[in-house]
Amino acid sequence: MDEKIKKFLYVNRKAPYGTIYALEALEVVLIGAAFDQDVSLAFLDDGVFQLVKNQKTDGIGVKNFSPTFRALGDYDVTKLFVEQESLDERGLTADDLQDIIYEDEDDDWAEKPSIRIVSRAEMADVMADQDVVLSF
Amino acid sequence: MKFGVVVSEGPYTHQASDSAYNFVKAALENGHEVPRVFFYHDGVNVGTRLSIPPQDERNIQKNWTALAAEHDLDLVICIAAAQRRGLLDENEASRQGKDANNISEGFRISGLGQLIEMGIQTDRLMTFGD
Amino acid sequence: MSYDVNGTSVEHDEEGYITNLADWTEDLANVIAKAEEVDMNEEHWEVVNFLRSYYEEYQIAPAVRVLIKAVKKTMGPEKGNNKYMYELFPYGPAKQACKIAGLPKPTGCV
Amino acid sequence: MSTLHTVNKSPFATGSLQSCLSHAKDGDAILMFEDGVYGATKGTTLADAVAAKGGSVTLYVLQGDADARGIAAARLIEGVTPVDYVGFVRLAADHDRTHAWL
Chain U
1 MDEKIKKFLY VNRKAPYGTI YALEALEVVL IGAAFDQDVS LAFLDDGVFQ
51 LVKNQKTDGI GVKNFSPTFR ALGDYDVTKL FVEQESLDER GLTADDLQDI
101 IYEDEDDDWA EKPSIRIVSR AEMADVMADQ DVVLSF
Chain W
1001 MKFGVVVSEG PYTHQASDSA YNFVKAALEN GHEVPRVFFY HDGVNVGTRL
1051 SIPPQDERNI QKNWTALAAE HDLDLVICIA AAQRRGLLDE NEASRQGKDA
1101 NNISEGFRIS GLGQLIEMGI QTDRLMTFGD
Chain D
2001 MSYDVNGTSV EHDEEGYITN LADWTEDLAN VIAKAEEVDM NEEHWEVVNF
2051 LRSYYEEYQI APAVRVLIKA VKKTMGPEKG NNKYMYELFP YGPAKQACKI
2101 AGLPKPTGCV
Chain A
3001 MSTLHTVNKS PFATGSLQSC LSHAKDGDAI LMFEDGVYGA TKGTTLADAV
3051 AAKGGSVTLY VLQGDADARG IAAARLIEGV TPVDYVGFVR LAADHDRTHA
3101 WL
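Residue numbers (our numbering), protein chains in the order written: chain U, 1 to 136; chain W, 1001 to 1130; chain D, 2001 to 2110; chain A, 3001 to 3102.
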């Protein structure tokens, strides 16, 4: 396989459950993690709803995949950029999101947050700094 | 230049597969390479050989199959998305104990790794979806 | 197709994965293991239980390298390696251990 | 280093165009195609915002999609350039990455 490491950004702009995009995006991220690329996830617009805590899907008979985001650290996916303005517009704050942490192997397995709240301008910078942008 | 192409919506309901087809055709005709087209989400339905569109409409599946034959395209249907939606090739059908398969000529079923690999190995990644 | 667990039948697919995840019991695990020619001992159970709790917490079966990394961390490097895993489950932890643990079939995406 | 953004949704159906406008950087290009072409038309509630962005990014519309929807050249916002699929391919090649605002 090719040796060069590329920057991959997975852009999540859709809410979970109403459509399958969020779930199938997560499946790509999990598989993609095996390819040792430089992976980031962007959550903006309705995509921020994917990370909201206390999702309970028993009443709709659909699998609750929100806990899987907490496994991303095990897959070395540790950069989840969440846009502040998108949260604001939807009446959410960072406290409404579930805690997603990773253990930093290079720092004696210290637990660090994977979610990084960024402004819209910073999100634009993140997007402009990629080799490959995958949209869902 | 090498273009990787993702089609993430089904045929007829969305224009995505038509746009992707027109893009791929134009790219190939202008000296570019399209090493792979990856069908994901409902896009996997583009690969069924059992659709019967009215004669006065374009035949999306046949157009892709013809383009694949002409340019030796690698049309890959995502296995995880395909299994959910009932798209099977002969191998998958027998592995899963199903009594039929429905994949068009020119398409193959493979893993999501093919999407990542396409992103790594091409110069530009185009996504056609909804 | 089904496994026989003390007289009760539990449905499984072509490859031996149970159809309904809620059907899983420890007795069933032993029956699946027997069909896989895996002789369940404490070390096998350690991995199977680990997989089940991982699935319970995250709703996915971990990729093999993730499993090995996690086992290494919780059970030590003498267990958290490929050799140890494949000794326990000759056809691979993803296929055999997940099957015995009653987790969904890996979609084989890579 | 610049990006080709593609927008295929009507701005009256989803926020994709607006989100794209607020994330595109100077020197980027935006191609409106499929239902996205409605975002390139004059006289809409969004036309001013689109036209204003035209100062720092280059705006394109896919001719075939505009034609299909009965949008004559005269109805396009000033500064929006129509391209065909060959032009689309060229735009994708000329920018360092593409970003589809689905």
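Everything labelled a hint here was simulated from the structure, so no lab data went into it.
Just so you know, even glycine gets a beta-carbon here, dropped at the ideal spot from N, CA and C.
Warning: the hint list may mix true and false statements.
[What the hints assert, rightly or not] Under the rule of at most 30 Å between Cα atoms (straight-line distance), these lysine-lysine pairs were calculated in the DSS-like manner: (1) W:K1062 - U:K6; (2) D:K2034 - U:K7; (3) D:K2034 - U:K53; (4) D:K2095 - D:K2105; (5) D:K2095 - D:K2072; (6) A:K3042 - W:K1002; (7) W:K1002 - U:K14; (8) U:K63 - U:K79; (9) U:K14 - A:K3009; (10) U:K56 - U:K79; (11) W:K1098 - U:K63; (12) W:K1002 - U:K79; (13) D:K2079 - U:K53; (14) D:K2079 - D:K2034; (15) A:K3009 - W:K1062; (16) W:K1098 - D:K2105; (17) U:K14 - A:K3025; (18) U:K14 - A:K3053; (19) U:K4 - A:K3009; (20) U:K6 - U:K79; (21) U:K14 - D:K2079; (22) U:K63 - D:K2083; (23) U:K7 - D:K2079; (24) U:K112 - D:K2034; (25) U:K6 - A:K3042; (26) D:K2105 - D:K2069; (27) U:K79 - A:K3042.
[To be verified] Label pairs and their calculated CB-CB ranges: (28) D:P2077 - A:G3087: 23 to 33 Å; (29) D:N2006 - W:P1035: 53 to 63 Å; (30) U:E105 - D:P2090: 23 to 33 Å; (31) U:D58 - W:E1029: 22 to 32 Å; (32) D:T2025 - U:K56: 19 to 29 Å; (33) D:D2004 - W:K1002: 18 to 28 Å; (34) A:S3056 - U:K79: 21 to 31 Å; (35) D:D2004 - U:N64: 28 to 38 Å; (36) A:G3087 - D:P2090: 22 to 32 Å; (37) D:P2090 - A:K3025: 51 to 61 Å; (38) W:T1013 - A:G3087: 22 to 32 Å; (39) U:N64 - D:E2046: 20 to 30 Å; (40) W:P1054 - D:P2090: 47 to 57 Å.
Here's how the hints hold up against the structure:
no., hint, verdict
1, W:K1062 - U:K6, "violated (35 Å)"
2, D:K2034 - U:K7, "violated (45 Å)"
3, D:K2034 - U:K53, "violated (41 Å)"
4, D:K2095 - D:K2105, "holds (8 Å)"
5, D:K2095 - D:K2072, "holds (20 Å)"
6, A:K3042 - W:K1002, "violated (36 Å)"
7, W:K1002 - U:K14, "holds (29 Å)"
8, U:K63 - U:K79, "holds (25 Å)"
9, U:K14 - A:K3009, "holds (14 Å)"
10, U:K56 - U:K79, "holds (25 Å)"
11, W:K1098 - U:K63, "holds (24 Å)"
12, W:K1002 - U:K79, "holds (28 Å)"
13, D:K2079 - U:K53, "violated (34 Å)"
14, D:K2079 - D:K2034, "holds (23 Å)"
15, A:K3009 - W:K1062, "holds (27 Å)"
16, W:K1098 - D:K2105, "holds (16 Å)"
17, U:K14 - A:K3025, "holds (22 Å)"
18, U:K14 - A:K3053, "holds (25 Å)"
19, U:K4 - A:K3009, "violated (34 Å)"
20, U:K6 - U:K79, "holds (15 Å)"
21, U:K14 - D:K2079, "violated (41 Å)"
22, U:K63 - D:K2083, "violated (34 Å)"
23, U:K7 - D:K2079, "violated (33 Å)"
24, U:K112 - D:K2034, "violated (42 Å)"
25, U:K6 - A:K3042, "violated (40 Å)"
26, D:K2105 - D:K2069, "holds (21 Å)"
27, U:K79 - A:K3042, "violated (40 Å)"
28, D:P2077 - A:G3087: 23 to 33 Å, "violated (58 Å)"
29, D:N2006 - W:P1035: 53 to 63 Å, "holds (54 Å)"
30, U:E105 - D:P2090: 23 to 33 Å, "holds (30 Å)"
31, U:D58 - W:E1029: 22 to 32 Å, "violated (53 Å)"
32, D:T2025 - U:K56: 19 to 29 Å, "holds (26 Å)"
33, D:D2004 - W:K1002: 18 to 28 Å, "violated (54 Å)"
34, A:S3056 - U:K79: 21 to 31 Å, "holds (28 Å)"
35, D:D2004 - U:N64: 28 to 38 Å, "holds (32 Å)"
36, A:G3087 - D:P2090: 22 to 32 Å, "violated (57 Å)"
37, D:P2090 - A:K3025: 51 to 61 Å, "holds (54 Å)"
38, W:T1013 - A:G3087: 22 to 32 Å, "holds (27 Å)"
39, U:N64 - D:E2046: 20 to 30 Å, "holds (27 Å)"
40, W:P1054 - D:P2090: 47 to 57 Å, "holds (55 Å)"
Comparing the model with each numbered hint stated earlier shows that hints 1, 2, 3, 6, 13, 19, 21, 22, 23, 24, 25, 27, 28, 31, 33 and 36 do not hold.
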